[in-house]
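Trainee: Residue 1 is where the sequence shown starts when you use full-length UniProt numbering, and the numbers rise one by one after that.
A couple of the hints might just be wrong.
Stated by the list, open to error - In silico lysine to any residue, SDA-like type, Cα no more than 25 Å apart, as pairs: (1) K142 / A210; (2) K113 / D27; (3) K142 / F66; (4) K198 / D27; (5) K142 / L62; (6) K142 / W159.
Derived by calculation from the structure, the hints in this document are not laboratory data.
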Amino acid sequence: MSADQFSSLSPADQQAVLNGPALAPPDGMLSNFVNPPNQTTMAFSATTLCLVASSLAVIIRLYSRFLCTRTPAIEDSDLVVAAFGTYVGYIYVTYWLLDIIGFFVHQWDIRVKDMTTHLYIVHIGTNLYSVTMLIMKASIPKEWCRIFSPHRSRPGFYWICHVIMALNILFYSAAIIVENLSCFPHERVWDQLVPGSKCLNINAILIAGASINIILDFIILILPQRVIWGLRMSRNKKIGVSLVFTVGLLYYLTEDKAYWLGALSLWCIAEMTCMFLIFAGPAIPAAFKGSRIVSLFSTTFRTWLGTTKKATDVSSQHKWQRPAQHKPNTFKRYQRIGDISVPLTTIASIEPMAIGPEPPEPRRPVPEPETGIMFTTEFTTMEEIVEDESQQENFKKQCPWEPSPHAL
Numbered sequence: 001m002s003a004d005q006f007s008s009l010s011p012a013d014q015q016a017v018l019n020g021p022a023l024a025p026p027d028g029m030l031s032n033f034v035n036p037p038n039q040t041t042m043a044f045s046a047t048t049l050c051l052v053a054s055s056l057a058v059i060i061r062l063y064s065r066f067l068c069t070r071t072p073a074i075e076d077s078d079l080v081v082a083a084f085g086t087y088v089g090y091i092y093v094t095y096w097l098l099d100i101i102g103f104f105v106h107q108w109d110i111r112v113k114d115m116t117t118h119l120y121i122v123h124i125g126t127n128l129y130s131v132t133m134l135i136m137k138a139s140i141p142k143e144w145c146r147i148f149s150p151h152r153s154r155p156g157f158y159w160i161c162h163v164i165m166a167l168n169i170l171f172y173s174a175a176i177i178v179e180n181l182s183c184f185p186h187e188r189v190w191d192q193l194v195p196g197s198k199c200l201n202i203n204a205i206l207i208a209g210a211s212i213n214i215i216l217d218f219i220i221l222i223l224p225q226r227v228i229w230g231l232r233m234s235r236n237k238k239i240g241v242s243l244v245f246t247v248g249l250l251y252y253l254t255e256d257k258a259y260w261l262g263a264l265s266l267w268c269i270a271e272m273t274c275m276f277l278i279f280a281g282p283a284i285p286a287a288f289k290g291s292r293i294v295s296l297f298s299t300t301f302r303t304w305l306g307t308t309k310k311a312t313d314v315s316s317q318h319k320w321q322r323p324a325q326h327k328p329n330t331f332k333r334y335q336r337i338g339d340i341s342v343p344l345t346t347i348a349s350i351e352p353m354a355i356g357p358e359p360p361e362p363r364r365p366v367p368e369p370e371t372g373i374m375f376t377t378e379f380t381t382m383e384e385i386v387e388d389e390s391q392q393e394n395f396k397k398q399c400p401w402e403p404s405p406h407a408l
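Could you build the full structure based on these sequences and the hints that come with them?
Mentor: This is the structure:
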């Protein structure tokens, strides 16, 4: 039903249309508006996991550049913060959609009046996604230039990065313009019941845009092979982008757009999350090099290993000793010393000697001294100075003002 036909209906008929399914159900199926089949829990968990991963990536990036290497650039202070803000906005509208409708809900299980809110959330999310990807895909080539060609040491690589940067900016700017100017009046983008409206057929444009998007992503991933393969993310990222392209085709070619929108939204979140992880990848070694957290963790781990080993050794020492049945009893036996002069002698009467070092003799107890004065000692000292007369005369000549030592 077109918007003009809907406006010509009576209020009762309009209300019946609004409360009806947004898409006719297949034969043999009935619409379920109360509790339709969905995978909202899975989508909520995946969205939260991506949000946590992206947040950690941004924190590590800023920590590394501002506190570790102290070499912040414009993509650190301004661009990544702006991109993360729009990314959080996209996560917010995703939670909004999960709350009011859910993910992987067939369109015939959604009322017509709820599709307006559904499409409005999609419109906001599309703009936030385009802005996020515009910033991130401009920041990543700039980061590659700074790493691999800091002073234009590789002119070819430098100019390829800047060309890719410019193409990404133009592509996502065009995507934002097409999304917001595809219908007139503007409300027709999310409200399909606005009368007298006109919209462009943008399916072909969006499919072509998805093709351009995957090509640009592939070039970005191919350029810094050493970094990407070091992160071991390129293969998964390529598969993810390919699936985004496939799901995008399903979304634009199928009539059940509400169902495939959930898959497309999750892949968009995964793509943006991968962009943040790739952007933060080169900063991870500097962030954790000599970190107190890592040192504390490694020290704790080594201490735990040492404690475990010590406990194992102690437990092995306290095990019950098995009876020494294999040891021969050397007591009450005969020894043969000589065949002629010395006869065989029995040692049964000899006390067995312990094998090993002899134990030390027990220390004798030292008697405690009695209290009080035990004994005293008296002694007398005498001092006598004997000098001859010549020494006294010399002393008087040298020190006439001093009295003679003998006089003292």
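Trainee: Would you mind marking each hint as holding or not holding in the structure?
Mentor: For each hint, the structure was consulted:
1. K142 / A210: Distance of about 23 Å is within 25 Å: holds.
2. K113 / D27: The hint holds at about 23 Å.
3. K142 / F66: 18 Å, holds
4. K198 / D27: This hinted pair is violated, its Cα atoms lying about 32 Å apart.
5. K142 / L62: Answer holds: K142 to L62 is near 16 Å, not above 25 Å.
6. K142 / W159: Given pair K142, W159 holds - Cα atoms ~11 Å apart, limit 25 Å.
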